[in-house]
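A.B. asks: Could you put the whole structure together from the sequences, leaning on the hints where they help?
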Amino acid sequence: MFPDLKNEISERFNAAEEHFRLSPKKPADIAQTVRGLVFVEIYAVWEYTIRRTAVLATETIASHGHRLSDLRPSLLALFLDPQINAVRNCGDPKIWSKRLELFDQCFSGNRITAVPV
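Numbering (my numbering), first residue to last: 1 to 117.
Calculated directly from the structure, the hints in this document are not laboratory data. If you're wondering where the values come from, they're calculated on a predicted model, not measured in any experiment. Cβ atoms here follow ideal geometry from the backbone N, Cα and C, with glycine treated the same way. Be aware that a few hints might be false.
The calculated label-pair distances, taken between Cβ atoms and stated as ranges, are [unchecked claim]:
hint, residue 1, residue 2, range
1, R67, V34, 51 to 57 Å
2, C90, S23, 48 to 54 Å
3, S69, N89, 24 to 30 Å
4, A15, A114, 28 to 34 Å
5, L22, F107, 56 to 62 Å
6, L22, G109, 33 to 39 Å
7, A31, I84, 46 to 52 Å
8, E8, A86, 31 to 37 Å
9, N14, P73, 35 to 41 Å
10, R51, N14, 15 to 21 Å
C.D. replies: The structure is reproduced here in structure tokens:
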């Protein structure tokens with residue numbers, strides 16, 4: 001799983017490096033534009049790396065069948081994000097019932113599921 005991602009990222013960086021290597025050196029304005037485009041390409045690889053790693057990590061954690069009550073608060077925040085957003089967006093009349101539902105989830109024996117990142 002992660003080795004596949006590593007290979008894909010290496011290929012993307014190699015392509016960016018090849019674009020840079022083959023970029024024209026003159027005229028200066030075109031060379032500067034091409035270097036800027038290569039920088040954008042490298043940034044895209046970096047962003048893709050962060051997002052895919054987060055998705056794969058949450059899927060891996062979820063695949064082990066952990067219970068919500070076993071998770072650290074930082075992972076609870078990740079796996080209960082939809083419920084946290086529901087509390088934030090529910091409005092005053094439902095705020096306490098939504099808060100209680102959230103804490104019931106935190107201490108429940110329910111198994112975690114992967115969430116989109």
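A.B. asks: Against each hint, give a clear statement of whether it holds in the structure.
C.D. replies: Here is what the structure says about each hint:
The hinted window of 51 to 57 Å between R67 and V34 holds, with their beta carbons roughly 52 Å apart. Under the hint 48 to 54 Å, the C-beta atoms of C90 and S23, about 53 Å apart, fit the expected range. At about 25 Å, the beta-carbon gap between S69 and N89 stays in the expected band of 24 to 30 Å. Separated by about 29 Å at the C-beta atoms, A15 and A114 satisfy the suggested range of 28 to 34 Å.
Roughly 58 Å separates the CB atoms of L22 and F107, a value that falls within the hinted 56 to 62 Å. L22 and G109 have their C-beta atoms about 57 Å apart, which leaves the hinted 33 to 39 Å range violated. Take A31 and I84: their Cβ atoms lie about 48 Å apart, and the range 46 to 52 Å holds. In this structure the hint that E8 and A86 lie 31 to 37 Å apart at CB holds, the actual value being about 35 Å.
For the pair N14 and P73, the supplied restraint of 35 to 41 Å holds, since their beta-carbon distance comes to about 39 Å. At roughly 20 Å, the beta-carbon separation of R51 and N14 lies within the given 15 to 21 Å, and the hint holds.
Of the numbered hints listed earlier, the single one contradicted by the structure is hint 6.
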